[in-house]
Amino acid sequence: MPFGLLKYGLARTYPGKNLFGESRSLKQSYDVVIIGAGGHGAACAYYLAKEYGITNVAVLDKGYLGGGNTARNTAVLRSNYLTEEGVAFYKASLELYKSLSNELGLNIMFEQRGQLTLAHSDAAVRNLRWRAEVNQHLGVRSELMFNDEIAQMVPHLRMDTAARYPILAGLWHADGGTARHDAVVWGYAKEAAARGVEFHQLTEATGIDIDHGKVTGVRTTRGDISCGKVIQAVAGSSSVVGNMAGIKLPIHTFPLQAMVTQPYKPLLEPHISSPHHHVYIHQTSRGEFVIGGGSDPYPLYNTRATLPMRETLSAAVLELFPFLREARVMRQWAGITDMTPDYSPIMGESPVQNYYLDAGWGTWGFKATPISGMTMAELVATDRVPELIAPFSLDRFYRFEQVNEAGATAASH
Amino acid sequence: MKTLLCPLNGIRNIDEFIYGGEYHVEPDRKQVDRKAWAEHVFFDTNSAGVVTEWWCHTPSSFWFLADRDTVTDEVINTYPFSIDPVER
Numbered sequence: 001m002p003f004g005l006l007k008y009g010l011a012r013t014y015p016g017k018n019l020f021g022e023s024r025s026l027k028q029s030y031d032v033v034i035i036g037a038g039g040h041g042a043a044c045a046y047y048l049a050k051e052y053g054i055t056n057v058a059v060l061d062k063g064y065l066g067g068g069n070t071a072r073n074t075a076v077l078r079s080n081y082l083t084e085e086g087v088a089f090y091k092a093s094l095e096l097y098k099s100l101s102n103e104l105g106l107n108i109m110f111e112q113r114g115q116l117t118l119a120h121s122d123a124a125v126r127n128l129r130w131r132a133e134v135n136q137h138l139g140v141r142s143e144l145m146f147n148d149e150i151a152q153m154v155p156h157l158r159m160d161t162a163a164r165y166p167i168l169a170g171l172w173h174a175d176g177g178t179a180r181h182d183a184v185v186w187g188y189a190k191e192a193a194a195r196g197v198e199f200h201q202l203t204e205a206t207g208i209d210i211d212h213g214k215v216t217g218v219r220t221t222r223g224d225i226s227c228g229k230v231i232q233a234v235a236g237s238s239s240v241v242g243n244m245a246g247i248k249l250p251i252h253t254f255p256l257q258a259m260v261t262q263p264y265k266p267l268l269e270p271h272i273s274s275p276h277h278h279v280y281i282h283q284t285s286r287g288e289f290v291i292g293g294g295s296d297p298y299p300l301y302n303t304r305a306t307l308p309m310r311e312t313l314s315a316a317v318l319e320l321f322p323f324l325r326e327a328r329v330m331r332q333w334a335g336i337t338d339m340t341p342d343y344s345p346i347m348g349e350s351p352v353q354n355y356y357l358d359a360g361w362g363t364w365g366f367k368a369t370p371i372s373g374m375t376m377a378e379l380v381a382t383d384r385v386p387e388l389i390a391p392f393s394l395d396r397f398y399r400f401e402q403v404n405e406a407g408a409t410a411a412s413h
Numbered sequence: 414m415k416t417l418l419c420p421l422n423g424i425r426n427i428d429e430f431i432y433g434g435e436y437h438v439e440p441d442r443k444q445v446d447r448k449a450w451a452e453h454v455f456f457d458t459n460s461a462g463v464v465t466e467w468w469c470h471t472p473s474s475f476w477f478l479a480d481r482d483t484v485t486d487e488v489i490n491t492y493p494f495s496i497d498p499v500e501r
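Top to bottom, those sequences are chains A and B.
All residue numbers for the first sequence refer to the numbering used here, where the first residue is 1 and numbers rise by one.
All residue numbers for the second sequence refer to the numbering used here, where the first residue is 414 and numbers rise by one.
Calculated from the structure, these hints are not laboratory results.
Keep in mind that a hint or two might mislead.
Claimed, not checked - In silico DSS-like cross-links for lysine-lysine, where the CA-CA straight-line distance does not exceed 25 angstroms:
no., chain 1, residue 1, chain 2, residue 2
1, A, K17, A, K50
2, A, K17, A, K27
3, B, K448, A, K214
4, B, K443, A, K27
5, A, K265, A, K62
6, A, K62, A, K98
7, A, K214, A, K265
8, B, K415, A, K248
9, A, K27, A, K265
Unchecked claim - From the derived model, a few chain A residues whose C-beta atoms are all more than 10 angstroms from chain B:
no., residue
10, N18
11, A71
12, S121
13, N127
14, T161
15, V240
16, K248
17, K265
18, P299
19, Y301
20, N302
21, R304
22, E326
23, P341
24, F400
These numbers come from a predicted model, not from an experiment.
Beta carbons: idealized from backbone N, C-alpha and C, even for Gly.
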């Protein structure tokens, strides 16, 4: 046993370093308050501090750091979306992910094992061809793949033409991957805290103070704060928090359920997604199969797991990987997804001055963590809307200029 | 298995129903401005609490209203559209 570990175990006081700052009382005033200490909130705080030297910042959370949908997503990273706006945005995010472990000094276990989206109909093949063209045009590695190659790459996939919905082709996305979602938020929070940002857990925002159309403060369960600017980054509660500021959002909130099996030896390299079966699957580096993508049939603010969804996901995944019929499901859970009508996020300015929205993160929030943090920080610090997020403003719904992202997971196409 | 009380057909399995969105009163199409129309089309209150919603019993294509708690998933009441939810 390494001597350091023994010393650590026998220490009288906790010898570890508190990476996220000591717990303290709230100050009366901050330059910027971020509501929501998930990946997006922590990333935004980090870039505010690092790029713009804005450190008089409080990040509030009603629960604990990264305990909401940051902890509940299935950690899929990809940029093979369909709209130019979406592809450019998620591509920039994936680029940041590549060097994030080094930048944050914490291993986020970033792996690029690729992602394969399956088509089971002629219409879906056309859609994948379209996506491949858009992706390649924007410099994303994405190409149409036919069955002989698919069978070679994923030998356990059921390629049987007698299947109910035989596989016709796939979209191979070599850039796709995963990362450890907890490590991403911890890394950002650690580096933000090191620069002076305060993280206040168990501090729920209960109201937003607005004076003459301009935000002036945030009320919390631990006291009231005055502040210059507020960013809401509360995936799963966007409508509820927006409502405190009198902002109505085009969001419908649904649970999205996923489950994980017992571990197996490594046998599935890429991430496999079947929009037709409403299921996706990948094998973690621990060997478990993560099976996801079951959106509940009606809105709900509740993270319960249901038996019907377990049946639906199981039936769907067995169409692709029949050997999993013997697998035991170890856990099943739900995240809360704020679905927008066009499956794109809502980012940027709001009708309230100095109140910024980082909302509508549906099923695409985790992969956007670095770039959303970086662009929101730029917006808040400079008051200029970065080009990458200009198409995602709330205002687009009033201009009838939606960004129809049919390449999103759980999109109803 | 979860069930829902259909005002026409009685208690049925939840799988026989589809959700049809929040109930709103449609603005007058002749007078509505773009902003109000955009809000009618895209925006909902999406509140965490009791919401009045459209539901449809698909085998009989019967549309009706339900008051449902979006936090506890409890259905408080279901009734036909002939009863105006504002007046009731």
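Okay, the hints, checked on the actual structure:
With a C-alpha separation of about 21 angstroms, the suggested pair K17(A) and K50(A) falls inside the 25 angstroms cut-off, and the hint holds. At roughly 23 angstroms between alpha-carbon atoms, K17(A) and K27(A) fall within 25 angstroms of each other, so this suggested pair holds. A hinted pair counts as satisfied when its Cα atoms are at most 25 angstroms apart, and K448(B) with K214(A) qualifies at roughly 21 angstroms. This hinted pair does not check out: K443(B) and K27(A) have alpha carbons roughly 52 angstroms apart, beyond 25 angstroms.
Between K265(A) and K62(A), the direct Cα distance comes to roughly 39 angstroms. Violation of the 25 angstroms bound is thereby established for this hinted pair. For the suggested pair K62(A) and K98(A), the alpha carbons sit about 31 angstroms apart, so the restraint of at most 25 angstroms is broken. A hinted pair counts as satisfied when its Cα atoms are at most 25 angstroms apart, and K214(A) with K265(A) does not qualify at roughly 56 angstroms. For the suggested pair K415(B) and K248(A), the alpha carbons sit about 32 angstroms apart, so the restraint of at most 25 angstroms is broken.
Among the hinted pairs, K27(A) with K265(A) is inconsistent with the structure: their alpha-carbon atoms are about 51 angstroms apart, more than 25 angstroms. Every C-beta of chain B lies more than 10 angstroms from that of N18(A), the closest at about 33 angstroms, which supports listing it as non-interface. With a least beta-carbon separation of about 20 angstroms from chain B, A71(A) lies farther than 10 angstroms from that chain, consistent with its non-interface assignment. At roughly 23 angstroms from the closest C-beta of chain B, the C-beta of S121(A) stays outside 10 angstroms, upholding its exclusion from the interface.
The Cβ of N127(A) sits about 24 angstroms from the closest Cβ of chain B, beyond the 10 angstroms cut-off, so the non-interface label holds. Separation of T161(A) from chain B is adequate, the least Cβ-Cβ distance of about 30 angstroms exceeding the 10 angstroms criterion. Residue placement check: V240(A) does not keep its beta carbon more than 10 angstroms from all beta carbons of chain B (closest about 5 angstroms). At roughly 5 angstroms, the least C-beta separation between K248(A) and chain B is not larger than 10 angstroms, which violates its mark as non-interface.
The claim that K265(A) is not at the interface with chain B holds, since no C-beta of that chain comes within 10 angstroms of its own (minimum 37 angstroms). With a least beta-carbon separation of about 6 angstroms from chain B, P299(A) fails to lie farther than 10 angstroms from that chain, contradicting its non-interface assignment. Y301(A), annotated as away from the interface, has a beta carbon of chain B within 10 angstroms; the closest lies near 4 angstroms. The claim that N302(A) lies off the interface is violated: its Cβ sits roughly 6 angstroms from the closest Cβ of chain B, which falls inside the 10 angstroms cut-off.
Against chain B, the non-interface label of R304(A) is violated: not every CB pair exceeds 10 angstroms, the least being about 8 angstroms. Listed as a non-interface residue, E326(A) keeps its Cβ farther than 10 angstroms from every Cβ of chain B; the least gap is roughly 26 angstroms. At the 10 angstroms boundary, the C-beta of P341(A) falls inside the reach of chain B, the nearest C-beta of that chain being 5 angstroms off. Against chain B, the non-interface label of F400(A) is violated: not every CB pair exceeds 10 angstroms, the least being about 7 angstroms.
Hints 4, 5, 6, 7, 8, 9, 15, 16, 18, 19, 20, 21, 23 and 24 from the earlier list are contradicted by this structure; the remaining hints agree with it.
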